[in-house]
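Chains as they are written, first to last, in this note's numbering: chain A, 247 to 599; chain B, 247 to 599.
Accuracy of the hints is not assured; some may be wrong.
Put simply, identical chains are the same to the list, so a pair is met inside one copy or across any two.
[Stated by the list, open to error] The list that follows gives simulated cross-link-like pairs (lysine-lysine, DSS-like), each with its CA atoms no further than 30 Å apart: (1) Lys590 - Lys409; (2) Lys304 - Lys559; (3) Lys346 - Lys360; (4) Lys282 - Lys304; (5) Lys409 - Lys361; (6) Lys372 - Lys314; (7) Lys507 - Lys442; (8) Lys340 - Lys557; (9) Lys346 - Lys526; (10) Lys594 - Lys507; (11) Lys500 - Lys381; (12) Lys508 - Lys360; (13) Lys346 - Lys508; (14) Lys410 - Lys508; (15) Lys304 - Lys385; (16) Lys385 - Lys557; (17) Lys468 - Lys526; (18) Lys557 - Lys526; (19) Lys308 - Lys381.
Source of the hints: derived by calculation from the structure; they are not laboratory data.
Protein chains: 2
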Amino acid sequence: MVDPLKQPKLYPSLFLGKNEGYISFGAGQPDLPPPKEVYDDLHLYNSFQYGLIRGEQKLREKVAIAHKVQPDDVFITNGASEALQLSLYACQGKSVLLTKPYYYSYPPLVEFAKKQPVYTNLVQGKINYDNVEKKLQNKEADAILINSPANPTGCVETPTTLKKIESLTHDLNIPFIFDEVYSDLIYQGEHYSPRKENVICIHSFSKTFSLCGVRVGYLYTKNAELLQQMADWKTHTSMNTSLYSQAMALNTFKVPPSYIKKQLTIWQERRNHMAEGLEKIGLDFWSPEGAFYVMPKVPNPTKFAEDMFFKHKLICYLGEWFGAPQRVRFSYATTVENIEKGLKIVEKYLATK
Amino acid sequence: MVDPLKQPKLYPSLFLGKNEGYISFGAGQPDLPPPKEVYDDLHLYNSFQYGLIRGEQKLREKVAIAHKVQPDDVFITNGASEALQLSLYACQGKSVLLTKPYYYSYPPLVEFAKKQPVYTNLVQGKINYDNVEKKLQNKEADAILINSPANPTGCVETPTTLKKIESLTHDLNIPFIFDEVYSDLIYQGEHYSPRKENVICIHSFSKTFSLCGVRVGYLYTKNAELLQQMADWKTHTSMNTSLYSQAMALNTFKVPPSYIKKQLTIWQERRNHMAEGLEKIGLDFWSPEGAFYVMPKVPNPTKFAEDMFFKHKLICYLGEWFGAPQRVRFSYATTVENIEKGLKIVEKYLATK
Chain A
247 MVDPLKQPKL
257 YPSLFLGKNE
267 GYISFGAGQP
277 DLPPPKEVYD
287 DLHLYNSFQY
297 GLIRGEQKLR
307 EKVAIAHKVQ
317 PDDVFITNGA
327 SEALQLSLYA
337 CQGKSVLLTK
347 PYYYSYPPLV
357 EFAKKQPVYT
367 NLVQGKINYD
377 NVEKKLQNKE
387 ADAILINSPA
397 NPTGCVETPT
407 TLKKIESLTH
417 DLNIPFIFDE
427 VYSDLIYQGE
437 HYSPRKENVI
447 CIHSFSKTFS
457 LCGVRVGYLY
467 TKNAELLQQM
477 ADWKTHTSMN
487 TSLYSQAMAL
497 NTFKVPPSYI
507 KKQLTIWQER
517 RNHMAEGLEK
527 IGLDFWSPEG
537 AFYVMPKVPN
547 PTKFAEDMFF
557 KHKLICYLGE
567 WFGAPQRVRF
577 SYATTVENIE
587 KGLKIVEKYL
597 ATK
Chain B
247 MVDPLKQPKL
257 YPSLFLGKNE
267 GYISFGAGQP
277 DLPPPKEVYD
287 DLHLYNSFQY
297 GLIRGEQKLR
307 EKVAIAHKVQ
317 PDDVFITNGA
327 SEALQLSLYA
337 CQGKSVLLTK
347 PYYYSYPPLV
357 EFAKKQPVYT
367 NLVQGKINYD
377 NVEKKLQNKE
387 ADAILINSPA
397 NPTGCVETPT
407 TLKKIESLTH
417 DLNIPFIFDE
427 VYSDLIYQGE
437 HYSPRKENVI
447 CIHSFSKTFS
457 LCGVRVGYLY
467 TKNAELLQQM
477 ADWKTHTSMN
487 TSLYSQAMAL
497 NTFKVPPSYI
507 KKQLTIWQER
517 RNHMAEGLEK
527 IGLDFWSPEG
537 AFYVMPKVPN
547 PTKFAEDMFF
557 KHKLICYLGE
567 WFGAPQRVRF
577 SYATTVENIE
587 KGLKIVEKYL
597 ATK
């Protein structure tokens with residue numbers, strides 16, 4: 247087996263279906279099956295000529311209604327990953343403000359877009375607004391990219407903080423890229439979606455409907471010029487998003503709201519087991535409020551993660567891949583049984599240190 | 247309707263299903279339906295967790311057998327577009343040699359990869375090897391990207407020319423990106439796929455199996471280092487290629503060889519009608535040998551294309567979008583009836599000039 251600890255960038259693919267006998271606190275995706283509605287009518291699709299670069303009209307209309315925007319504001323992409331790539335590429339400027347810890351794709355995506363990442367340190371897992379304000383007003387960055395609920399911290403930013411960033415960036419005429427792919431998975435706190443003209447919201451069908459491998463995400467913004475630039479770029483780099491994948495995404499609008507509520511109950515239970523277990527072990531961590539991640543502080547995280555993987559068959563991600571070198575990232579996208587088993591392994595291991 | 251002549255980059259999407267009553271010599275895709283086998287077993291797929299970044303193993307094995315390479319040499323992408331993007335990004339160097347005329351996505355893709363395009367002029371639609379040799383030996387470019395059968399010229403390069411470029415670039419240790427997405431559509435001449443370590447071949451399921459909108463392409467190369475760089479990049483920009491789309495692509499290996507032969511007969515007939523019609527009108531053009539394009543020279547091409555579109559409901563592409571400002575591009579990816587009708591419109595129009 248390839249050593250995943252030497253290959254952080256390939257982590258998601260290395261761990262898929264390859265680790266029988268392992269407990270995974272690594273996965274960045276739901277383990278639950280997609281809702282049955284996603285398969286509806288797929289057999290009716292029988293022509294696969296090029297689709298619209300910005301996405302099929304029917305899907306954009308459904309997304310627009312869901313987010314109270316116009317269909318023309320919506321742009322369908324190859325997962326949220328491509329939405330991030332397009333947004334960063336289309337924005338003017340030379341630097342982008344990121345939080346630290348950050349989602350591990352953010353710094354490379356900023357660099358691929360020929361820009362420099364600039365960081366603001368989270369305090370107890372949350373944005374320090376004063377520091378963001380200072381850095382943006384001092385022109386240390388020309389744009390900002392944040393997520394809430396956040397991967398890797400599991401924290402949810404308050405509507406107050408998000409509204410302040412929205413106003414500030416709007417006043418400064420700075421693009422505000424807001425990644426809200428986990429907005430349906432909140433256990434504590436409240437989600438707020440900014441809507442001013444300088445905002446690009448990034449979303450996905452992957453996490454809510456367990457469709458990660460189908461690769462359909464989207465963005466919406468009122469900035470028509472940015473949308474045009476993104477369309478120009480996507481025309482050359484990938485053309486339309488797979489029409490079959492878009493058909494599945496369209497079907498998710500048939501899924502009743504009770505499905506999401508039921509999922510949330512499952513995630514909440516897992517979250518509670520994880521949080522209570524970490525509390526019991528006595529680890530320092532930020533209370534998980536959304537998504538399915540938590541970042542405990544552990545002594546010697548690299549050795550910890552290596553020992554967990556090579557000696558104890560427990561997968562976890564190194565915090566240093568997310569800009570948090572004193573921590574590891576645990577995902578609770580697994581069964582309560584696995585969460586309990588995994589936590590026992592951690593407890594036993596740390597007791598001997 | 248948006249004026250497509252002002253929006254060259256959006257052309258493919260603007261013309262899809264939007265132009266009832268128009269005859270299209272514009273389309274860069276087959277009008278024929280996909281083979282029935284592509285729908286096999288799709289209902290058996292019921293889990294859509296992230297897939298492997300380089301593509302599903304079963305599909306890579308089938309591709310490897312088809313091209314007589316190893317599965318580890320194969321990398322599945324969101325259409326040939328993403329394969330081109332990844333290849334250009336992964337190659338070292340500051341400039342890429344392209345032919346002129348070129349496929350219209352090549353110059354922007356080179357620029358997005360932070361490189362400069364350098365051009366070698368085609369002579370009668372064909373590569374002038376001496377000029378290529380001179381430019382590469384003089385280090386005017388660090389890599390070369392060509393296609394055969396070529397979009398937009400419809401010409402097929404001889405195995406002799408391709409072997410000479412292969413040897414030259416291998417000796418100079420320069421990446422040779424070879425786009426062969428139309429290799430199943432050759433009416434005159436012979437296809438040659440280079441295989442040396444410096445070569446990246448780009449391929450697709452789109453043109454052979456009428457699956458453009460499903461977005462599955464691939465590349466294969468023996469250069470493991472380049473493949474790793476591409477995987478690192480795709481991990482952040484789009485993750486795996488849609489699993490549903492890959493399932494359809496896998497099904498194309500069940501399609502009997504007789505299907506491709508039958509398709510070729512249809513294309514050959516269309517090609518003959520187009521070539522004979524242009525001959526009859528007396529236009530200057532390069533004999534169409536592969537793919538489904540031909541580039542006649544017309545007086546005042548911009549006015550010609552505008553008049554065709556706005557006054558005569560015939561769609562064609564301006565040669566200037568492909569670096570051939572004295573010409574237009576006609577696609578014969580339409581019925582013989584439409585080809586005849588369209589050519590009559592052209593003949594009548596030119597007779598009055």
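Against the structure, the hints:
1. Neither within a single protomer nor between protomers do lysine 590 and lysine 409 lie at most 30 Å apart by alpha-carbon distance, with minima of 41 Å and 62 Å respectively.
2. Taking identical chains as interchangeable, the C-alpha atoms of lysine 304 and lysine 559 lie at most 30 Å apart only when they sit on different chains, with a minimum of 27 Å there against 45 Å within one chain.
3. Taking CA atoms no more than 30 Å apart as the test, lysine 346 paired with lysine 360 passes in both settings, with 20 Å inside one copy and 28 Å between copies.
4. For the identical chains of this complex, lysine 282 and lysine 304 are neighbours both inside a copy (20 Å) and across copies (26 Å), given an alpha-carbon limit of 30 Å.
5. Within a single copy, lysine 409 and lysine 361 get their C-alpha atoms as close as 26 Å, which meets the 30 Å cut-off; across copies the closest is 40 Å, which misses it.
6. Only within a single protomer do lysine 372 and lysine 314 lie at most 30 Å apart by alpha-carbon distance; the minimum there is 28 Å, versus 53 Å between protomers.
7. For a Cα distance limit of 30 Å, the shortest separation of lysine 507 from lysine 442 inside one copy, 29 Å, qualifies, whereas the shortest one across copies, 56 Å, does not.
8. Taking CA atoms no more than 30 Å apart as the test, lysine 340 paired with lysine 557 passes in neither setting, with 44 Å inside one copy and 46 Å between copies.
9. For a Cα distance limit of 30 Å, the shortest separation of lysine 346 from lysine 526 inside one copy, 27 Å, qualifies, whereas the shortest one across copies, 68 Å, does not.
10. Neither within a single protomer nor between protomers do lysine 594 and lysine 507 lie at most 30 Å apart by alpha-carbon distance, with minima of 35 Å and 65 Å respectively.
11. Taking the closest pair of Cα atoms, lysine 500 and lysine 381 never come within 30 Å of each other, the shortest separation being 44 Å inside a single copy and 58 Å across copies.
12. In the homo-oligomer, the alpha carbons of lysine 508 and lysine 360 never lie at most 30 Å apart, since the shortest distance is 42 Å inside one protomer and 47 Å across protomers.
13. For a Cα distance limit of 30 Å, the shortest separation of lysine 346 from lysine 508 qualifies neither inside one copy, at 33 Å, nor across copies, at 58 Å.
14. Neither within a single protomer nor between protomers do lysine 410 and lysine 508 lie at most 30 Å apart by alpha-carbon distance, with minima of 33 Å and 64 Å respectively.
15. Taking identical chains as interchangeable, the C-alpha atoms of lysine 304 and lysine 385 are never at most 30 Å apart, the minima being 41 Å within one chain and 50 Å between chains.
16. In this homomeric assembly, lysine 385 and lysine 557 never come within 30 Å of each other (Cα to Cα): the closest approach is 48 Å inside a single copy and 52 Å across copies.
17. With identical chains, the CA atoms of lysine 468 and lysine 526 are never at most 30 Å apart, being 47 Å at best within one copy and 52 Å at best between copies.
18. With identical chains, the CA atoms of lysine 557 and lysine 526 are at most 30 Å apart within one copy only, with a shortest distance of 23 Å there and 77 Å across copies.
19. In the homo-oligomer, the alpha carbons of lysine 308 and lysine 381 never lie at most 30 Å apart, since the shortest distance is 37 Å inside one protomer and 52 Å across protomers.
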